[in-house]
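Novice: Hey, can you work out the whole structure from these sequences and the hints?
Quick mapping for you: the protein sequence lines, in order, are chains A and B. For the first sequence, the working numbering gives the first residue as 1, with consecutive numbering after it. For the second sequence, the working numbering gives the first residue as 218, with consecutive numbering after it.
Derived from the structure by calculation, the hints contain no laboratory data. Heads up, a few of these hints could be off.
To be verified - Under the rule of at most 27 angstroms between Cα atoms (straight-line distance), these lysine-lysine pairs were calculated in the DSSO-like manner:
id: 1; chain 1: A; residue 1: K137; chain 2: A; residue 2: K16
id: 2; chain 1: B; residue 1: K257; chain 2: B; residue 2: K219
id: 3; chain 1: B; residue 1: K355; chain 2: B; residue 2: K345
id: 4; chain 1: B; residue 1: K347; chain 2: A; residue 2: K120
id: 5; chain 1: B; residue 1: K288; chain 2: B; residue 2: K257
id: 6; chain 1: A; residue 1: K37; chain 2: A; residue 2: K16
id: 7; chain 1: B; residue 1: K345; chain 2: A; residue 2: K120
id: 8; chain 1: A; residue 1: K147; chain 2: A; residue 2: K4
id: 9; chain 1: B; residue 1: K261; chain 2: B; residue 2: K288
id: 10; chain 1: A; residue 1: K136; chain 2: B; residue 2: K355
id: 11; chain 1: B; residue 1: K373; chain 2: B; residue 2: K420
id: 12; chain 1: B; residue 1: K288; chain 2: B; residue 2: K345
id: 13; chain 1: A; residue 1: K137; chain 2: B; residue 2: K355
id: 14; chain 1: B; residue 1: K347; chain 2: A; residue 2: K136
id: 15; chain 1: A; residue 1: K120; chain 2: B; residue 2: K288
id: 16; chain 1: B; residue 1: K420; chain 2: B; residue 2: K219
id: 17; chain 1: A; residue 1: K16; chain 2: A; residue 2: K136
id: 18; chain 1: A; residue 1: K137; chain 2: A; residue 2: K37
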Amino acid sequence: MDAKEIIARRVAREVKPDMLVNLGIGLPSLVAHYLPKDVHVFFQAENGVIGLGARPPEGMEDPDLTDAGGSYVTAMPGAASIDSAMSFGLIRGGHLDMTVLGGLEVDERGYLANWMVPGKMVPGMGGAMDLVSGAKKVVVAMAHTAKGGHKIVSRCSLPLTAVRRVSLIVTEMALIEPTDAGLALRERGPGVSLREIQDATGAALIIEGEPPEMQLG
Amino acid sequence: MKLAITADVAASLIPDGASLLIGGFMGVGSPHRLIDALVKRGAKNLTVIANDTAWPGRGVGKLISAGAVMKLVASHIGLNPETQARMIAGEIDVELAPQGTLIERIRAGGVGLGGVLTATGLGTLVEKGKRIVEVDGKSYLLETPIRADFALIAAKQADYYGNLEYSLTAHNFNPIIALAGDVVIAEPQTIVPVGVISPDSVKTPGVLVTHLLERAF
Numbered sequence: 001m002d003a004k005e006i007i008a009r010r011v012a013r014e015v016k017p018d019m020l021v022n023l024g025i026g027l028p029s030l031v032a033h034y035l036p037k038d039v040h041v042f043f044q045a046e047n048g049v050i051g052l053g054a055r056p057p058e059g060m061e062d063p064d065l066t067d068a069g070g071s072y073v074t075a076m077p078g079a080a081s082i083d084s085a086m087s088f089g090l091i092r093g094g095h096l097d098m099t100v101l102g103g104l105e106v107d108e109r110g111y112l113a114n115w116m117v118p119g120k121m122v123p124g125m126g127g128a129m130d131l132v133s134g135a136k137k138v139v140v141a142m143a144h145t146a147k148g149g150h151k152i153v154s155r156c157s158l159p160l161t162a163v164r165r166v167s168l169i170v171t172e173m174a175l176i177e178p179t180d181a182g183l184a185l186r187e188r189g190p191g192v193s194l195r196e197i198q199d200a201t202g203a204a205l206i207i208e209g210e211p212p213e214m215q216l217g
Numbered sequence: 218m219k220l221a222i223t224a225d226v227a228a229s230l231i232p233d234g235a236s237l238l239i240g241g242f243m244g245v246g247s248p249h250r251l252i253d254a255l256v257k258r259g260a261k262n263l264t265v266i267a268n269d270t271a272w273p274g275r276g277v278g279k280l281i282s283a284g285a286v287m288k289l290v291a292s293h294i295g296l297n298p299e300t301q302a303r304m305i306a307g308e309i310d311v312e313l314a315p316q317g318t319l320i321e322r323i324r325a326g327g328v329g330l331g332g333v334l335t336a337t338g339l340g341t342l343v344e345k346g347k348r349i350v351e352v353d354g355k356s357y358l359l360e361t362p363i364r365a366d367f368a369l370i371a372a373k374q375a376d377y378y379g380n381l382e383y384s385l386t387a388h389n390f391n392p393i394i395a396l397a398g399d400v401v402i403a404e405p406q407t408i409v410p411v412g413v414i415s416p417d418s419v420k421t422p423g424v425l426v427t428h429l430l431e432r433a434f
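Specialist: Here it is, written out as structure tokens:
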């Protein structure tokens, strides 16, 4: 199992029946593949659909039906198409149960930076700031390190996405919950030792007892 | 009743230097024939307010490639390297805004509100130069309304009163920008006789539409 699959499988376990969930593009979108068959959830794409379905077979694409990454998708039975004000009203108004986003850095306060690298990458924040500010539960799904560099740090050096504490950080090495006291290590990745996690983390971790290994669905 | 006009006639109504609200999300639900006609006319010094600039050769990206845009307000330019290059070269003045904030600023402009109070962007680069307003002990950013000289809308279907119906994720910014342009030009895929569109299906009442483009085919 590669790192992305570990992360996606673990995040999928956070998805509960009938939630309204927004998955970011890239790694977070993989979470949809690992939901138990009997769990019904509503996936929102912020460009305007609730009840996002899988990619259509080739030749059956609708040019008016894409996800927020611009890829062709389908709409599930019971889906609703909405305009951007409604879509972001759901996000900002606290109606979105959970959002899963990628991250560049997360710090000890639980603050996320994921929308720009000054001088290198200025793609714009899209809906990320609204999602992190407004969703009930914010899950950051990302690789634990980047080319050996720490991504979980004591203070973000990159511009913040929001000054709201995220709910969970899920990597291939660890599941971490930001708390009032700091970053609490709740679970270890498959076959990963506490020492390895600490070495790969640029922030202090709160470790109580022996954090169990992740259960992957 | 409105007489449908050609895209070239519509483009001739839009002077150089005009400000344009343009519908679409990565080109889905963008007024493609209007954009093509503006490029053909050689429009210059436009201010464009849109969610994104799609990618080179697609949607708003065509206006960017043609050098028609002087100022851009958008939430995401990450899939269009040309927008980023022109921004870095100083050819286009780019203002990046969170997507939910952008659509609400446009809505505010369209419905006569003096601004929007939102937590999105607090404590981030978006906060710079903006007033922070406290309401019942909570802090919000004051985001100002946006209007433009023109709103360019794509719709699935229109009637000859200009009533508009949209399709799936091609709603996005369109129903909202219809309120915020001094002149509103709608580009429907088809036009049907008055009375064919059910009142319940009309998302943009025809009274908002100034000009109707002829059907696509």
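Novice: If you test the structure against every hint from before, which numbers come out violated?
Specialist: none
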